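Fit chain to chain and form the complex, with the hints in mind.
If you're matching them up, the sequences are chains A and B in order.
Each residue of the first sequence is one higher than the one before, starting from 1 at the first, in our numbering.
Each residue of the second sequence is one higher than the one before, starting from 1001 at the first, in our numbering.
Source of the hints: derived by calculation from the structure; they are not laboratory data.
Here the structure is a predicted model, which means the values were calculated and not measured.
Some hints could be false.
Stated by the list, open to error - Listed next, the stretches of chain B that the computed footprint assigns to chain A, with coverage defined by at least 3 CB atoms under 8 Å from CB atoms of chain A: (1) 1073-1082; (2) 1312-1320; (3) 1333-1341; (4) 1349-1357; (5) 1445-1457; (6) 1510-1524.
Unchecked claim - Examples of chain A residues toward chain B, derived with CB under 7 Å: (7) Ala-74; (8) Val-79; (9) Ile-89; (10) Phe-117; (11) Gly-120; (12) Trp-124; (13) Val-189; (14) Val-192; (15) Pro-193; (16) Arg-205; (17) Thr-214.
Said to hold, decoys possible - Each pair of labels, with its calculated beta carbon distance range: (18) Ala-69/A / Ile-1321/B: 31 to 37 Å; (19) Glu-1158/B / Lys-273/A: 43 to 49 Å; (20) Ala-272/A / Val-1318/B: 34 to 40 Å; (21) Asp-1555/B / Leu-108/A: 49 to 55 Å.
Glycine included, C-beta positions come from ideal geometry on N, C-alpha and C.
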Amino acid sequence: MLNQLMLLGQQTREEMIETVSKQTQDTSVPESAIEHAGTYWFPESASSFAPAVDSLYMIIFWICVFFFAGIVAAMVYLVIRYRRVGNEINPEPSTSHNTWLEIAWSVLPSILLVYIFWEGANGWFDMRIAPEDAEEIHVTARKWNWQFTYPDGDISNELHLVLDRPVKLVMRSDDVLHSMFIPAFRQKVDVVPGRYTYAYLMPTRVGQYRLACTEYCGDEHSNMRTMCEVHISEEDRKSTTEWQEAIYKPWKNGERLFKINCSGCHDVEGVAKTGPALNLIWGETENFSNADSLTVDENYIRESILYPNAMIVEGYSPKMNSFEGKLSDAQIDQLIAYIKHLKIGDPEDDGILDPEAAAAAEAGEGDDEAGEGESADGETEDGESGDEEPAEGDEEESGDDVDNSGDAAREEDPTAEGDDDTSEDESDG
Amino acid sequence: MIKPERKKELFGHAENNFLNCTSGWKSWAFTLDHKRIGIMYLIGVTFALFLAGFFAIVLRTHLWTYNSTLLDNATYNQMFTLHGAVMVFAFIIPSVPAALGNIVLPMMLGAKDVAFPRLNLMSFYLWIAGTGFLFLAIINGGLDTGWTFYTPYSIETETGVIWATFGAFILGFSSIFTGLNFLVTVNTMRAPGQTWFKLPLFLWSLYATSIIQILATPVLGITLLLLIAERTMNIGIFDPAYGGDPVLFQHFFWFYSHPAVYIMILPAMGVISELISVYSQKRIFGYSFIAFSSVAIALLGFLVWGHHMFTSGQSMVVTLIFSAITFSVAIPSAVKVFNWLATMYKGSISLATPMCYALSFIFLFGIGGLTGLFLGALSTDIHLHDTYFVVAHFHFVMVGGTLTALLGGLYHWWPKIFGRMYNDFLGRVGCFLVFSGFNLTFFPQFVMGARGMPRRYASYDPEFQIFHQWSTIGAFVLGIGILLSFGVLAYAAYRGPKVGANPFKAASLEWQSSSPPDFHNFVHDPVMNDPYDFDAMVYDEELDTYIQREFADPDKVPPRKEPVHH
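So that you can see chain B by itself, here it is in the shape it has in the complex (with noise of 0.2 Å):
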């Protein structure tokens, strides 16, 4: 039992906080705050989700037709280049981790900060300068390789390939920083008594992602740096007119970007397990089992590349080993569903808002991993490879996965964050938008990929004309839907009310800190406990929120419902 005036100023809405503890653009520019680098990160990755996603309304406007005049080839061929590229590297890959995870992570080990906070703004200005550059290869002459950067295309065309290559190197660098950054961080600062298995299960999502962004990353690195060699000295690697081997370039680009795959959805794994078992109020199901998933999706995601060249004339060993191994990534994948599932089962089921985007996301990624099927056996996928069957699978991963994802973790943290709390029924209204506007958009791609239109084409066949306009609608929809949720939150942040530490009944360390959190993140030490322990939480009346049992006055507080879980 402590007092009134110490319990408000603990786990009540904190007037002094990390957001006006100092103020001018010094304060934010040179701030070594995770938090505080988290939200300028949040920012930045918004913008450019709100830039790469206007290319792809303008690239599903002109597809409303099939001989579609509205841009001309090259120019389709540059918007469909920069809806990529702006998308991978500058949003997806750094929007849960370096995003939402730069501001949880350290809270939830209980720490002040991250173990290197220079290197993580850092990390922040290396993002700045990255998709700086992109912006330059916009500004000279564009680029219209693909986000792939295939040779000899690249080599030979007369775009900005240097100025985006090199951008996307740089950003390569952002997300190393990020990762070396989260793995010192986990291992070294964990609060006293937090085992690895006491850790909640995003931070063993970002840990694994972490693995892959320092260890993937470089091979990035040297393949862009070698293309930029390739295009201006002609040294020969990749370029056949001098001896190179495109294939080669295909080799080293997937080595790295298909574990990409699993920087982008692992993180977003993490978050739908947080939101899973806090909204139904249920210790999470298998707890092992997601942990050791997301370490098994870690490592086998470094072996299966080659399903990306299934029909580039690779040896057909090499092809079948690939095929075998990638059906071995669908494993862990499914065992998180059924465990999210199972963590429902005999719940407390609220339909918040990030409720409604995680059963979104398990709806979603049902689609995107199951249709990874069809990809995965070899003769299916010679018919279905580089068709808009696979731009739909990858969509309903990446954005039906990680964006969903994206918007439920930052609906559910938000209330901590910025302490004031978002109107529930826009919040819900924005995610019935994008879920159906994204169903809408992609799955008549399903059909038209395997009747056979290929991707990338700025003009097509009449007959596919109608699920491309369904598709447009969609894209419309979807937009729509991702305005409004930012909408909501961007007023929340500044006009809702104001709420406590913990008004979701969470239990994992963070909510142990003042909404928002002090500049130290903890006034008191933090008490550890299981972070699925929801029973250890209690609701406090005066401040209108959730407490420890131990803060509580004794009198008010109920009887354990279920004993100490060990």
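For reference, chain A alone in the conformation it holds in the complex (with noise of 0.2 Å):
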């Protein structure tokens, strides 16, 4: 007990990995990923405003532990020379009110509230705003599992990054609210359905870390809980993971579902149609007509492909249909990436990644134009979906079977799982 009592004052790193190692046990986190002690109060810092954040914690710290202290010890000092021996009750008389002393007890300790917030508020800007170059990596969190989606349209069950590069998390939720937690970053933002919350990191060392869902989600809550791996440079990273491989890249299958879905009304070359051009309007200011004017961002996008007529671009009318239902979140995830690309894209990039799967694809469903979106969008997880359903009438239909496979595919070995796609496609082809 006395040994506890030791651990509770201070663990350091030996103590924890032996407190852990003398544990045969199931974490969701490998024992590496603990092998960075954190100090007293926190975990291992591993993120750019780590320090920042400890810093602020233990300003505060001992701002508390001053007026703590003074508050206690006054209290012992006056019950003690205070106290009433016997019955004899004695007070002495004294003022019982000091309008500067209180107004002095009032106003002084809100300077130090003020810092307080000042610095809090200093921290939390530079935890919020992810520079320009970020990488994007989209997450989805749904009951009981993280799904990461990297730029170039990889999938993984883990979070990895590299070293020193700043990334931006682009999050959606399939069910109810979660939250992404990575105590070593120091960063927590909810995950909340129906809209795309933004998360900034920046790690700072190499390592495993433990990332947890905080926002009570059911029953597996408690097991919401994933690694987030930073590795040295781009090349560990693609060669050490185990992805699950996409064929094409995001923006690619966009490119598909936009002609399938889209292409009537709007142009991609600057032509206004029945709808408004869509190439060159990421990141742009838009003026409405029957709204606020606003910069286009993924909850933008989103929002116009669910209920187009909330917010009418300013110089057209209220023509197009919601499209709620017909396309699922993964979809329009892909959708907001090709608009993206239209943007800021790289013209040469053809959005290929895997060009022999690609061309086996093309080759076995060539004579259907509508079963390429659908296929290209099927085969990122679930070839089978893609080649049994080419009808352009079943697109509904085929977006939730994407993220049923998608379910059915976690639970496997990701590696296996893809393997399998890859091989399938090839075979079929």
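Structure (structure tokens):
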């Protein structure tokens, strides 16, 4: 017990590893994830803003200690000095009111509070705003798994980052509220169904860290944990990670969906048709006839697809029908990627990651234009749905299939699943 | 100078009192007497406390090991939900106002009863009904949403959300009725000469609480009805699948539930203001600052709900504003603590059980309040949000604050209510167990939280196990302390030695009635005096209690030590 009491006071790295290794355990995170032991108050520190958070925490801590020690010392002194002995009640007279003293102890602590607020807000700005060149990783949270989709379309179930490379997480939830928490990065942002939320990460230390859900989400909430690994380099990340490989980049799939669903009314060459051209809108400020103007981002495009008449771009009339229930969240993701690519993407990029598999898929379904979009969508996660349901009318159903198959895939070994996909596609071809 | 028989009738232990003036279960079930309703409330909330405390003990036992199999995940989730929901809605919110306030408030005003006695009884039966619905939720599939009912999980879960939310809805009305009653009573039924600044500070805090209760609780009621409508009719206000916004629910919910935090803590602060001055025998320091700080907290409390949502993705401007206003609430709370300490200066401090609780309150509320600074500052909150740090913080405020003040207040007014004294030694032992058990339970949780232990986890990483084990040991000590404290009180109510009207030399009006009070509270018209003028009270040997100078034998009355305060 005494030993444990000491642990409570200060757990060193060695003690922490020993604690873990003594217990044959089944935590979500490998032992190596906690090999960087933190200090008494904090877990390991591995992001650019973690030191600022920690130092503010310690500043507040010492302010609190100062005031608390003062309060308790005064209390103990007063109780001892003025304690009642026997039944003799003899308080000494003293004033019961001193306006200046009371104003002083109201105002002086306020100055400290303003300082704490200021520091907290400043540190928070640094945690909120990702730089322009940040790598964009899409996060899908669902009961009770995490899925991370990288710019090249690869998918993993742990978050893999590269040292010193800023990252912007674009997060959405398939079901209920979740919250993405990486203690080592001091970062936490809720993942909200029905909208995109963003988190900025800037890893500054190689290693494996915990990533946990901190918004209660049902039965397996406490098992919705995974790992965030920071790699020394892009090559290291590419080669050591177990990926679910994609054939096409997300925007390429989005392009196909666009042709099927949107191109009748929206042009991508800058020509206004029934609806506005969409090739240059990303990041621009749009003016509306029935709402305040805003900057085009993921949430705006998503809302325009699902509730097109909520905001009508100036000069156009409300003619678009809602795609609610017709496009899945994953498909909307891909459409957004496409619209974004039109503005800021590399025009040389053909969007194909795995030319062989792509060629095989094209050959197999070249006769059915609609099927292409289908299979492109399907193949990223499950080849079968695309192959068996090539008709355009099944768009909606197929969208659901993709989600379900995604679930199924995650329950098994991701690499094995990925290999199966590829081989199946090849044999089909 | 009055006749000895009359004096005994007024200030002695009353053989005929509100407890025995009528008998039979109907005399309690249909009573309009605020004291009896208060006692029934007290029994009710104590029962809720024990039930929710039992859930807490089960939870802590489960968390003894990091991969415990005592409860499965679903049961664990139900346990923490019910612990929170029963504690918040059925215990803490009604505890000090409806139980203690009901008994004390009219007597402090020198009144016979509250303004609307029937509404008061109605409020109690609504409490019964609301708590009953919470029970029905337990029977009908339980409840696993967390006490916050966050959408969309609360829309899709199979458990008894409708029962529980309807229960909370009814409990809201119970709370509104109590608040309305107190507001009207304080406004219209003060004793002649009792101006606003001659009110005991407990009444200022109950008044501020009542304002919150009647202004904020309706919002909760509407929100819960909308949640029920969303579940049954998919009206599409909170559920993103139908175009709703789950974050809107959080705004609505916290618009009530943050002010509700002050419903929980303000009356507790009022109790402490009384205890500190009575057991120091000193006029409360900075009366008007304490009084106005209660009102300031009540008003500012409406403007800070967004600090529960710093990570929810709400806009940056809104987040900044909420953080700034949140810090402003810290000031009036700190002012109260400084004033309490200044009150003790040059006092005659008795360490009787109520004062031990009051000192515990300053210690625990100090920690609870100061750790709020970590959570108000944006960058640190992002790290600490939804971790055990938050759990520890609000338990320090609600248990260390409200429960401690409730116990202190019960020990203080117990001899008044039942006319019998408790065992002071055992009372202090109970206080020590509560204090030490509480710290042992929740202090390790600050460390765990800062190190990244998320809340509401049924299993956790093994490195946190040692902290959880300390916490669990503490929970058992705390549980024993609470049982002992209530046991000492229950025993005293039946078997304690009889006492007179005012054993503690308190000066507010309720101590001018006999103990236990008469059915009509006062046999005579109470003599209005300053509630903190303790020198106005002198010891009476025949009755072994304190009475006002006016009634004492002039030959035996010592001269005034301080001039009468104006």
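Quiz item: For which of the previously enumerated hints does the structure constitute a violation, in increasing order of number?
Solution: Of the numbered hints, 6, 16 do not hold.
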